[in-house]
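A.B. asks: Residues 0 to 104 in numbering that gives the first Met the number 0 are what the sequence shown spells out, letter by letter.
Treat each hint with caution, since some may be false.
Stated by the list, open to error - Just the calculated beta-carbon pair ranges, DEER-fashion: (1) E82 to R45: 12 to 20 Å; (2) E95 to G41: 28 to 36 Å; (3) E50 to E79: 22 to 30 Å; (4) I101 to R52: 27 to 35 Å; (5) S25 to E68: 16 to 24 Å; (6) P94 to P33: 17 to 25 Å; (7) D104 to F71: 33 to 41 Å; (8) P72 to T103: 28 to 36 Å; (9) T99 to K28: 12 to 20 Å; (10) E79 to P33: 16 to 24 Å.
In short, the hints are calculated from the structure, not lab data. Just so it is clear, the structure is predicted and the values come from calculations on it, not from any experiment. Built from N, CA and C at the ideal position, the CB exists for glycine as well.
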Amino acid sequence: MKRILLIVICLIFPLAATANEQANVSIKKFKFIPQEITIKKGSTIRWTNNEKRQYHSVWFELHGDPEPEYFFPEEFYEREFNETGSFTYRCGPHPEMIGTVIVTD
Numbered sequence: 000m001k002r003i004l005l006i007v008i009c010l011i012f013p014l015a016a017t018a019n020e021q022a023n024v025s026i027k028k029f030k031f032i033p034q035e036i037t038i039k040k041g042s043t044i045r046w047t048n049n050e051k052r053q054y055h056s057v058w059f060e061l062h063g064d065p066e067p068e069y070f071f072p073e074e075f076y077e078r079e080f081n082e083t084g085s086f087t088y089r090c091g092p093h094p095e096m097i098g099t100v101i102v103t104d
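Work the whole structure out from these sequences, hints included.
C.D. replies: Here's what the structure looks like:
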């Protein structure tokens, strides 16, 4: 019985993990690293501010989103993507910082 339960858990758990994966984008030296990231639909991206003193935002302005609150060093911002497509974003206070999220099925 325990063996069957273990097999069932091993089969189900990887499916649950891939349904909502998390990707990471680092913010350092006024850049999104990586600048372009491809994820699967249903995944979440975490942007982490790795600057020493500077605040940032992750603003999907061209998609009609309001600018989110700024986040400071060692803080992060997360967003889940449930639609496929290409989504460009920028840092509100630093418009030269641009990134792209590509969401696939």
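A.B. asks: Check each numbered hint against the structure and report the violated ones by number, ascending.
C.D. replies: When the structure is compared with the hints, none of them turns out to be violated.
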